[in-house]
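Novice: Mind docking chain B on chain A? Use the hints.
Protein chains in written order, with this note's numbering: chain A, 1 to 371; chain B, 372 to 479.
Worth flagging that the hints you see were computed from the coordinates, not collected in a lab. It is possible that some hints are incorrect.
Among the chain B residues that face chain A by a calculated CB cut under 7 Å, a handful are [unchecked claim]:
| hint | residue |
| --- | --- |
| 1 | Met-424 |
| 2 | Gly-427 |
| 3 | Thr-428 |
| 4 | Gln-432 |
| 5 | Val-433 |
| 6 | Phe-440 |
| 7 | Gly-474 |
Per label pair, the in silico range of CB-to-CB distance [claimed, not checked]:
| hint | chain 1 | residue 1 | chain 2 | residue 2 | range |
| --- | --- | --- | --- | --- | --- |
| 8 | B | Leu-473 | A | Asp-68 | 32 to 42 Å |
| 9 | B | Arg-378 | A | Gly-88 | 40 to 50 Å |
| 10 | B | Pro-423 | A | Pro-206 | 44 to 54 Å |
| 11 | A | Gly-157 | B | His-435 | 24 to 34 Å |
| 12 | A | Tyr-93 | B | Ala-467 | 47 to 57 Å |
| 13 | A | Gly-158 | B | Asp-453 | 26 to 36 Å |
| 14 | B | Asp-453 | A | Leu-112 | 45 to 55 Å |
| 15 | B | Asp-456 | A | Glu-245 | 52 to 62 Å |
| 16 | B | Ser-451 | A | Gly-88 | 21 to 31 Å |
| 17 | A | Leu-72 | B | Ala-420 | 25 to 35 Å |
Predicted model only: the values in this text are computed from it and were never measured. For each residue, glycine too, the CB sits at the ideal point set by N, CA and C.
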Amino acid sequence: MGMVRLLVGTRKGAFILTSDEARKDWRIAGPHFSGWEIYHLKGSPADPNRLYASQSSGWFGQLIQRSDDGGLTWTPVGNKFAYDGVPGTHQWYDGTPHPWEFKRVWHIEPSLANPDEVYAGVEDAALFHSTDAGATWTELSGLRRHTTGSAWQPGAGGMCLHTILLDRGNPQRMVIAISAAGAFRTDDGGATWKPINRGLHSLYIPNPTAEVGHCVHHIAAHPSKPGTLFMQKHWDVMRSDDAGENWVEVSGNLPTDFGFVIDVHAHEPETLYVVPIKSDSEHFVPDGQLRVFRSRTGGNDWEPLSKGLPDRDCYVNVLRDAMAVDTLDSCGVYFGTSGGQVYASSDSGDTWSAIVRDLPPVLSVEVQTLA
Amino acid sequence: MSPAPARCEVRVELPAHLRTLAGITSGHEVLIQAAAPPTVRTVLDALEAAYPMLRGTIRDQVTHQRRAFLRFFACQQDLSLDSPDTPLPPAIASGAEPLIVLGAVAGG
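Isolated chain A (complex conformation) (with noise of 0.2 Å):
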């Protein structure tokens, strides 16, 4: 009997939710760091035990919490996040020169066969790698010192690092995302990067075609097909089949494409998972309907899922890293809310139901399938 661990980061502390396969019945456990925002936490593919949580606040900076026993004990590990070098400067809001300055971590992925090895994406933007089990941080800096880092500009929420997709046929590639730099591609490692933006077009910035400068609100791809990746731009909902050498745009029939959650089916590798949200000045649903839209064909078509969603008077919004898959033979599909729901499917997205509906707003949501 398989089971499922979703693992909820909000702002106001960490919870794990457990269910068997039915995904009927859950055990809700936490708050965990009570009072702490969770901006993320993850569990090792190679070890489901092995759980990584950024753990951060306004008055006490960030830590990083480990749990060898899948979250019923934690243990602050290291958070020195020292940037290699003299930082320099990247651009501000008005465009004049700012230094970079550490300020959290907005994402943790742990390596696909190591559950001591673990990558931090960080604001103000850079890549983090840890050996030890995040005892120390060694800071990637490849990234952060491609010609275009000095012009880099954050997005509203800050300049953060919030994509790390690792690539398990191909260890040395990964793919990150920044907003509002966009998409960046390495081929060794993490040695160098490439800017990968071909064929984004963000009407907000000075030249909407640029190498750099999109916001990019997430990126994701099936396991099984790493070289195709799908986009939720600021605007727009983006496909690539290169790797990110190309993009081209998805949209399709969406209600909006605003939005920044993004994710692929676990079975199947054309179908996706969007929340379109009304607009970047509103950041929430439309017409007061919580709807994901799904499209079966890789983008385009897009179908409204919302048997057991609220139909009328939601104005809520699902953040770049709050929604998730499981891998159970009927996919399961879940997302959390700014207005602390957490929602889940166990038929693909056909119909929904909220585990819980009270907690602090969702920032991340990540699930792990259990044997």
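Specialist: Frame of chain A; chain B shown alone:
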């Protein structure tokens, strides 16, 4: 052989979240053995040595700058803007008064 440096026992009062993080379950204070005469820097050095999980939570690990939403008080004085190398008041060195690390009453 040079004599061992003088030490003193300093009471440090911590915010609730840092006590939880450090596993301090009784009272608001911890006793720290610091070099004499104590300063904010030497007390925080000793505090972080005794409780490594507090590194980075009161002052930045790289710059050692005080976190913006924390302040240092002692003997009804705000010492936050003083040099971290200024000797603390005698009442702190004697243990009569605590060095208070105070979180700003702000946020939500």
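Novice: Hint by hint, note whether the structure agrees.
Specialist: A quick look at each hint next to the structure:
1. A distance limit of 7 Å between C-beta atoms decides the matter here; for B:Met-424 the minimum to chain A is near 4 Å, and the interface restraint holds.
2. Because the closest C-beta pair between B:Gly-427 and chain A is about 5 Å apart, less than 7 Å, the hint holds.
3. For B:Thr-428, the suggested interface contact is upheld, since its CB lies about 4 Å from the closest CB of chain A, less than 7 Å.
4. A least Cβ separation of about 5 Å between B:Gln-432 and chain A falls short of the 7 Å threshold, and the interface hint therefore holds.
5. For B:Val-433, the interface hint holds, since its Cβ comes within 7 Å of a Cβ in chain A; the closest pair sits about 5 Å apart.
6. Below 7 Å, beta-carbon pairs count as interface contacts, and B:Phe-440 has one with chain A at about 4 Å; its hint therefore holds.
7. Given the 7 Å rule on beta carbons, the hint for B:Gly-474 holds: about 5 Å separates it from the nearest Cβ of chain A.
8. Here the CB-CB span from B:Leu-473 to A:Asp-68 is close to 34 Å, well matched to the stated 32 to 42 Å.
9. Separation of B:Arg-378 from A:Gly-88 is about 42 Å and conforms to the stated range, judged on CB atoms against 40 to 50 Å.
10. The beta-carbon spacing between B:Pro-423 and A:Pro-206, approximately 47 Å, falls within the hinted interval of 44 to 54 Å.
11. The supplied range of 24 to 34 Å is met by A:Gly-157 and B:His-435, whose beta-carbon atoms lie about 28 Å from each other.
12. A:Tyr-93 and B:Ala-467 have their C-beta atoms about 49 Å apart, which keeps the hinted 47 to 57 Å range intact.
13. Taken as a hint, the range 26 to 36 Å holds for the pair A:Gly-158 and B:Asp-453, whose Cβ atoms sit roughly 31 Å apart.
14. For the pair B:Asp-453 and A:Leu-112, the beta carbons lie near 50 Å from each other, so the given range of 45 to 55 Å is met.
15. The given range of 52 to 62 Å is respected by B:Asp-456 and A:Glu-245, whose C-beta atoms sit roughly 55 Å from each other.
16. At roughly 29 Å, the beta carbons of B:Ser-451 and A:Gly-88 sit within the given window of 21 to 31 Å.
17. Checked against the given bound of 25 to 35 Å, the beta carbons of A:Leu-72 and B:Ala-420, roughly 29 Å apart, stay inside it.
Checked against the numbered hints given earlier, the structure satisfies every one of them.
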